[in-house]
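As they're listed, the protein sequences go chains A and B.
Residue numbering for the first sequence follows the working numbering, beginning at 25 and increasing consecutively.
Residue numbering for the second sequence follows the working numbering, beginning at 12 and increasing consecutively.
None of these hints come from the bench; they were simulated from the model.
Note that the Cβ used here is the ideal one computed from N, Cα and C, for glycine as well.
No more than 25 Å apart at the CA atoms, straight line, and that leaves these computed lysine to aspartate or glutamate pairs for DMTMM-like:
#, chain 1, residue 1, chain 2, residue 2
1, A, 187, B, 45
2, A, 189, B, 60
3, A, 234, B, 192
4, A, 234, B, 15
Far from chain A by the CB rule (all over 12 Å, computed), these chain B residues:
#, residue
5, 53
6, 55
7, 62
8, 71
9, 162
10, 172
11, 192
Computed list of chain A residues with no C-beta within reach of chain B, every gap over 10 Å:
#, residue
12, 50
13, 71
14, 72
15, 75
16, 77
17, 112
18, 121
19, 122
20, 129
21, 157
22, 203
23, 239
24, 240
25, 242
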Amino acid sequence: MSLFQYFFRKFARYSLVIFAIILLNFCIPRLMPGDPITYILGEDIYYVAPEQIEELKKEYGLDRPLLEQFKLYMARLVRGDFGYSFSFGRPVIYVVLEKLPMTLLITIPSTFMGIVIGAYLGIFTGWRSESVFKRLLTNFILLVYSIPSYWLGMIALLIFSLKLKLLPLGGAPPLDSDLTTFISHLILPIATLTIFTTAYNAVIMRGVTKGISEEYFVMTALSKGLTKIHFLNRHLLKPSLPPLIAISAIEFGFAFSGALIVEIVFSWPGVGLMMLEAIIARDYPLLQALFTISALIVVLANAIADILCILVDPRLRSDF
Amino acid sequence: MRLELLGIAIISFFIFTAIFAPVIVGLIPHDKSEPYSPPSKNNLLGTNDIGEDVLVELIYGSRVSMFVGLTSAFVSTIIGSFVGIISGYYRGFLDDFFGGLIDLFLVLPALPLMILLAAYLEPSVWNIILVIALLWWPNTARVVRAKVLELRESQFVEGLRCLGANDLYIITRHIIPNVSDLLFANFTLSVARAILLEASLSFIGLGDPTYESWGSMLHYSMKRGGLLNGAWWSFVPAGICVSLATMSFMLFAMGLEDRKKRTKAIGLEV
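One chain only, chain A, in its complex shape:
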């Protein structure tokens, strides 16, 4: 299989996934009970004259056959038209793109920290996991894994902001704030998210490490008398990198979803807080765009992971 073929295959696969996401998004409002136009207009439907509703239906092509509706829908999407958010009174795409950087600001650092700390914790606990300390640590990670992230966020707020009064109660830092204020607003959301991505990663890496530690090359490396650190870094971390990268992509989606809820706790003005407003207002176009965009982000992360895997894993390249 040539490199080109490999990429072509992956590309075809991801195109199919993206198509499926769009199709799903197209179908959901049409499968739900009630007239799709009510989902587009929201509460405004009560203030619009019946003739105008008919007109709007024509404009959205809702009076035409499904296949044609789908074509129209695709044509809109290609132009970046995700519909109109009635609760924000603006096209959906602007609302989402405006809030997205704030969410990424807390998602990206916590994903990276979670991957690094989690990978080491996972390798540490997965490698010869007999000692009492390691077993305790494993169970502690499992405990963190079962705690709802938003609840931990609430506890953090209670302790650090309300009782100790060390950190702000939430919200985004003001635009003219200095560096310390800026960071103080970021600490709690990022810390909360990091704890969860760490636990998630540690659980996975523990499994990977356990699998790898039974392989023969590990035994060889050990019988050569390599030092522990050298061994862990060169012989254990390296072969576990490809699965780690693949998982990190899924992880990013997980962290993104997690951020949506954690934002609510810290009133962090990102996509999550906007989602909450959209839910309360039953702003369906906005919720749909949110799903589409987060799905696209996950697909993109997966595609990047595929490319990175080729770079770190010589076994994949040798096939070409």
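Dock chain B against chain A, hints included.
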């Protein structure tokens, strides 16, 4: 293993509480008091935003969590094992189709999709179960499919075919018994996941408004100033319950897994 027993003990405790909730509530003091009054003799865990006893809410909340957790895990295990067995055993077109579907679902961000569906549907316990089951079955299907793929190539299945056993017989008498351990462990994990997901949906405000659940207790505490007033009793116990319930099912699943030494097979890592 001791931890497994701890898991079983906690699960039994919550299920017992859920079943006998009205009886237990009758045994404890629970007068209506001032909103957000701290724990006292009359309200062992204080009161919430409308002056209701937190402990009583917790006890009734266990019903929602246990019911949603067990039912949606059951439904998703049924769907997942059906799809997994069919596509793993028959391969071919069916496998291409279902395999693609499973892959697709595993890539989709579950929470935003769940929120979207839950927002469209009427908020009710049954719809929450539907949404969770609808999005969780691919996890079971993936694991079951992998195991069935392995089984169908095994010698005893080949032997059965040579003896002239038909597919239905092989599946019901030999494949299903061989994946049942896996299914049970996976079911237990699914319950843990479902309890967390229900709590998340309720926390966002998409829960069933007619029942108080642990998630909705957190929701109201956040929304109506319980947290900002420092009324820790309005949200700390509910979160502990969610975590304990989730963890106990995970410990149980891990115990099952340890016993069978199939760390990779049941997909605990994902």
